[in-house]
Amino acid sequence: MEAALVQSRDREQSGDGPADGVPGWRAAALTHAQMVRTDDAAWLQQARILVQRWEAWRERAERRLNRVDLAPDLAEAIGSRRWFRGLGTFLGLSAFGLAFWPGFAPLEAAPATRVDSEVRDEFRSQMIMPLGLGADSGRHMGAT
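When we follow the numbering used here, the leftmost residue of the sequence shown carries the number 347, and every step to the right adds one.
To be clear, the hints were calculated from the coordinates, so they are not data collected in a lab.
Even glycine gets a Cβ: it sits at the ideal position worked out from N, Cα and C.
Computed beta-carbon distance windows for the label pairs: (1) 416 <-> 447: 19 to 27 angstroms; (2) 430 <-> 396: 38 to 46 angstroms; (3) 404 <-> 449: 37 to 45 angstroms; (4) 449 <-> 479: 34 to 42 angstroms.
Let's have the full structure, built from the sequences with the hints guiding it.
Here is the structure:
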C-alpha cells in the first residue's frame, strides 16, 4: 500500500521526468509568422507620418517665434509699440508671479489622534513647563 503512495524521485508515472533527462513540462514553440505581426507596417507608416507632421509644425512655430521679441530692452525707444509690448510682458509676468506668491498664514492640520479631556490631561502631565517653574512632572504612581 505504501508503494502506491510514495513514488521515486527518479521517475514519474508518465515516463517523462528527471530519469530520462526531460522535464515534465514542454516549452511553447512559436513559428516566425506568429512572432512578427504583419499589420505593423501600416501602423509604422502612420506613426512616421505623424512624426513628420509634428516636425513640420514645430519648425514653423520655431521660425515664427524667432521673429518675435517678447522681452525687449525697456531702456530703449521708450513709448514705441515695441516698448509697450515689452511693458505688457513685464507686467503680465509680474502679475503671474504675484498670483502664486505663497501665504504666510500657519498651516492648519488635524491632530494625529483624537484629543479629549483624558488625553489632554495625559499630555499636561508630560509637559516640560512645570520643570521650569520648579515642580516635578510626569505621571506619579502609588507605592506598591
